[in-house]
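Going down the list, the protein sequences come from chains A and B. Numbering-wise (the numbering used here), the first sequence opens with residue 2 and increments by one. Numbering-wise (the numbering used here), the second sequence opens with residue 2 and increments by one.
Hints listed in this document are in silico derivations from the structure and should not be mistaken for laboratory results. Among the clues, some could well be false.
Any copy will do: because identical chains look the same in the list, a pair fits if it lies in one copy or spans two.
[To be verified] Quick list of in silico lysine-lysine cross-link-like pairs, PhoX-like style, CA-CA up to 25 Å:
| # | residue 1 | residue 2 |
| --- | --- | --- |
| 1 | K231 | K285 |
| 2 | K211 | K10 |
| 3 | K164 | K10 |
| 4 | K369 | K10 |
| 5 | K262 | K329 |
| 6 | K212 | K10 |
| 7 | K373 | K411 |
| 8 | K285 | K298 |
| 9 | K231 | K141 |
Just so you know, these numbers come straight off a predicted model, no measurement behind them.
2 protein chains.
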Amino acid sequence: MNICDLIYKKRNNGKLTEEEIRFAVSSYVSGGVADYQMSAMLMAMFIRGIDKAETFALTKAMVESGKVCDLSRIEGPKIDKHSTGGVGDGTSLVIAPLAACAGIIVPMMAGRSLGHTGGTLDKLESIRGFRVNISETQYKKQLQKLGVAMISQTQNLAPADKKMYALRDVTATVDSIPLIAASIMSKKIAEGADGLVLDVKTGTGAFIQKKEDCEELAKLMVEIGENCSKKMDALITDMSQPLGNCVGNALEVKQAINVLKSTGPKDFTDLVLTLTSRMLILGKVEKDIQRAKARLKKLLNSGAALEKFREIIIAQKGDPRVIDKPDKYLPKAAGKCPLAAKNAGFINSINTREIGLASVLIGAGRTKKEDKIDTGAGFVIYKKLGDYVKKNEPLARMHYNHSKNVEEAKNRFINAYSITENKGSYPPLIYSEIS
Amino acid sequence: MNICDLIYKKRNNGKLTEEEIRFAVSSYVSGGVADYQMSAMLMAMFIRGIDKAETFALTKAMVESGKVCDLSRIEGPKIDKHSTGGVGDGTSLVIAPLAACAGIIVPMMAGRSLGHTGGTLDKLESIRGFRVNISETQYKKQLQKLGVAMISQTQNLAPADKKMYALRDVTATVDSIPLIAASIMSKKIAEGADGLVLDVKTGTGAFIQKKEDCEELAKLMVEIGENCSKKMDALITDMSQPLGNCVGNALEVKQAINVLKSTGPKDFTDLVLTLTSRMLILGKVEKDIQRAKARLKKLLNSGAALEKFREIIIAQKGDPRVIDKPDKYLPKAAGKCPLAAKNAGFINSINTREIGLASVLIGAGRTKKEDKIDTGAGFVIYKKLGDYVKKNEPLARMHYNHSKNVEEAKNRFINAYSITENKGSYPPLIYSEIS
Numbered sequence: 002m003n004i005c006d007l008i009y010k011k012r013n014n015g016k017l018t019e020e021e022i023r024f025a026v027s028s029y030v031s032g033g034v035a036d037y038q039m040s041a042m043l044m045a046m047f048i049r050g051i052d053k054a055e056t057f058a059l060t061k062a063m064v065e066s067g068k069v070c071d072l073s074r075i076e077g078p079k080i081d082k083h084s085t086g087g088v089g090d091g092t093s094l095v096i097a098p099l100a101a102c103a104g105i106i107v108p109m110m111a112g113r114s115l116g117h118t119g120g121t122l123d124k125l126e127s128i129r130g131f132r133v134n135i136s137e138t139q140y141k142k143q144l145q146k147l148g149v150a151m152i153s154q155t156q157n158l159a160p161a162d163k164k165m166y167a168l169r170d171v172t173a174t175v176d177s178i179p180l181i182a183a184s185i186m187s188k189k190i191a192e193g194a195d196g197l198v199l200d201v202k203t204g205t206g207a208f209i210q211k212k213e214d215c216e217e218l219a220k221l222m223v224e225i226g227e228n229c230s231k232k233m234d235a236l237i238t239d240m241s242q243p244l245g246n247c248v249g250n251a252l253e254v255k256q257a258i259n260v261l262k263s264t265g266p267k268d269f270t271d272l273v274l275t276l277t278s279r280m281l282i283l284g285k286v287e288k289d290i291q292r293a294k295a296r297l298k299k300l301l302n303s304g305a306a307l308e309k310f311r312e313i314i315i316a317q318k319g320d321p322r323v324i325d326k327p328d329k330y331l332p333k334a335a336g337k338c339p340l341a342a343k344n345a346g347f348i349n350s351i352n353t354r355e356i357g358l359a360s361v362l363i364g365a366g367r368t369k370k371e372d373k374i375d376t377g378a379g380f381v382i383y384k385k386l387g388d389y390v391k392k393n394e395p396l397a398r399m400h401y402n403h404s405k406n407v408e409e410a411k412n413r414f415i416n417a418y419s420i421t422e423n424k425g426s427y428p429p430l431i432y433s434e435i436s
Numbered sequence: 002m003n004i005c006d007l008i009y010k011k012r013n014n015g016k017l018t019e020e021e022i023r024f025a026v027s028s029y030v031s032g033g034v035a036d037y038q039m040s041a042m043l044m045a046m047f048i049r050g051i052d053k054a055e056t057f058a059l060t061k062a063m064v065e066s067g068k069v070c071d072l073s074r075i076e077g078p079k080i081d082k083h084s085t086g087g088v089g090d091g092t093s094l095v096i097a098p099l100a101a102c103a104g105i106i107v108p109m110m111a112g113r114s115l116g117h118t119g120g121t122l123d124k125l126e127s128i129r130g131f132r133v134n135i136s137e138t139q140y141k142k143q144l145q146k147l148g149v150a151m152i153s154q155t156q157n158l159a160p161a162d163k164k165m166y167a168l169r170d171v172t173a174t175v176d177s178i179p180l181i182a183a184s185i186m187s188k189k190i191a192e193g194a195d196g197l198v199l200d201v202k203t204g205t206g207a208f209i210q211k212k213e214d215c216e217e218l219a220k221l222m223v224e225i226g227e228n229c230s231k232k233m234d235a236l237i238t239d240m241s242q243p244l245g246n247c248v249g250n251a252l253e254v255k256q257a258i259n260v261l262k263s264t265g266p267k268d269f270t271d272l273v274l275t276l277t278s279r280m281l282i283l284g285k286v287e288k289d290i291q292r293a294k295a296r297l298k299k300l301l302n303s304g305a306a307l308e309k310f311r312e313i314i315i316a317q318k319g320d321p322r323v324i325d326k327p328d329k330y331l332p333k334a335a336g337k338c339p340l341a342a343k344n345a346g347f348i349n350s351i352n353t354r355e356i357g358l359a360s361v362l363i364g365a366g367r368t369k370k371e372d373k374i375d376t377g378a379g380f381v382i383y384k385k386l387g388d389y390v391k392k393n394e395p396l397a398r399m400h401y402n403h404s405k406n407v408e409e410a411k412n413r414f415i416n417a418y419s420i421t422e423n424k425g426s427y428p429p430l431i432y433s434e435i436s
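Let the hints inform the model, and build the full structure from the sequences given.
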């Protein structure tokens, strides 16, 4: 088999066989196929498209390029949740301990801040001492003991995906639905859970903004998972405004603690309950959504979920005092300033991507992979879609440590809000379920 | 400007501006754009296509990536000829001295054997001592003195094309008409002639076999040249059988000497007269084809063209005795064997590419760039399209030095001939003129 023949075939709109895709991917990882050949192949795949069989084969080839985590010795239903990324979406911080309290094993391998979106690992690391890099043995021990662990991907997990994603990032081949689906699912399948609830974000703060595209992506990911015998569920949820009231790492941890105490924002709590109840159903811990939700609410009210979060923090060497005194033990910002509305009226729309980029400007996210995160920086948001605001009334408060990009961040945040005289209609939190 | 944005634009079917294309090409040569980014761009260009303005810009950018040869101080019309490559096409060996005799300055920078096709430089090097690598000063001196030089491309001539072609070769992006046109024309424009006659080959022995594609390519190359103020002419000519009766380097030199003595094969001689007369017209040395052809015939009959070839050989340090005694002074093959027809009938078609590949097998061409050529090896062909052949009558004679691939070459040659009971209809030598 020759890579040029395969590029030629795909370029001419041919269908690649499973064997051909496996050859291309494994040769790329071993070095027999050069970067410039894989990038030509990816561009041909991007433009010509790949069908379902090719997408399944690509996912499998990427899974097989590394080690698949074997969780079979751990008893209980092993269900993970994955979000395609958004602004203020710290739901994992609540969902992991909450689901674990309800009897789900949550083997969560999370990601970092990327572009305008935040990352669970960065949020967790705003808890002093919290370790996300854990050996596989340690990880499995913790899963056995606590029923939940929240870690960084283990070494050698779908290395082909890592290499191909890095290449796509610099060759304008990222935003292809089948390539995205295969990339996400290869990692999730290699993580070894039995099932996965997908939260596919749509709207101005999502990577893929159009609802139709999100549905296509969600559907394809569900099919890929099922093709690999995973139990799958997917929701399309709203990201046309930040979720909850906080954007920024320590701020989102504090908010998560509030949600775990049943005192968090309604949209955030609703999404947590919806996603976690679906994990319970996938894991056969509950049969219907209403009963699942009721059970989860109890676990929040009783403080059981909060205690589970404390156990996770202790197990992963973090400082558990943040649970009781978040204001004292979480990193803080030296400066605060209000972000005032330019005119009076109703919040009609929010360019949420711009909010995310404004948070990156003050250090809450990364521009480059090597950038260090300022965990104290971020926004506390007072006004969301449909709210009325007076002229010069604060839309939010910015928390910052360095004055460097403060003015630009401020303008970017304020200009992301579109304020109109009349109240409009606003998107629902949850659009549709794909399963 | 950012290369990812440009790849993105082309990928989404956008048109790149001249400035954008110049940025991509010059950054690629300087190293700011990586191979994997250029290969993604080339694949996007391949699939989405590039329009005329983009093709012009690409050609110019590749010309500007290196040095343009300045021939302005040499008086007289400077006209070159370029063929897209074929089997047995040694016409350059005759055209260069012949056109020079008629008052054309022929600044010929020729190529080497590639794939199934032969190369003028390899043929010239079968003349003992012949030097094709000459300094630019020396080259210009020879043009001034003899009116003709036949050399390898000077250093730093369209380096972007060299780098991009090498990349296309290993990423399945060679066979794009605009990319081919820009590649050929960038080199020809950088060579600095005033005009160019293109011989675009069609048929089983051509790189681009379909006549319609050849016409498109020829038309585009003419437009590119004219866009750069070059006088252009192009012919589509037949390559559905080898040209003349010889395939192989020394054999083709001997045949060229015969043509220069007016004793060469008719098809070869006709093509030489047609192409050269068009060079005379482009150079305004003659006004019509008939008069040009009559003049060229005289130059062959008088021996003037042959003497010019002798002068070239002497100037470029070759052994001029080949002119009078080619059999004695050209390399020969140790072994010869007839290639017998498998059945009786008329030669209906010839897979000419297979003839070229058979010649590569016995060392007359290259598989890899580094391969050394066996200049004595090749075929002398007795039977061409429309000829009648008896069973076991020789179609050709194979000349070889090494027994290694002899059997395979023999079979490949014989099987390339399709022999049928009835006489068919055969393609003309010259199809159409694009100018």
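task: Check each numbered hint from earlier against the structure, then list the numbers of those it violates in ascending order.
output: Going through the list in order, the structure violates no hint and respects every one.
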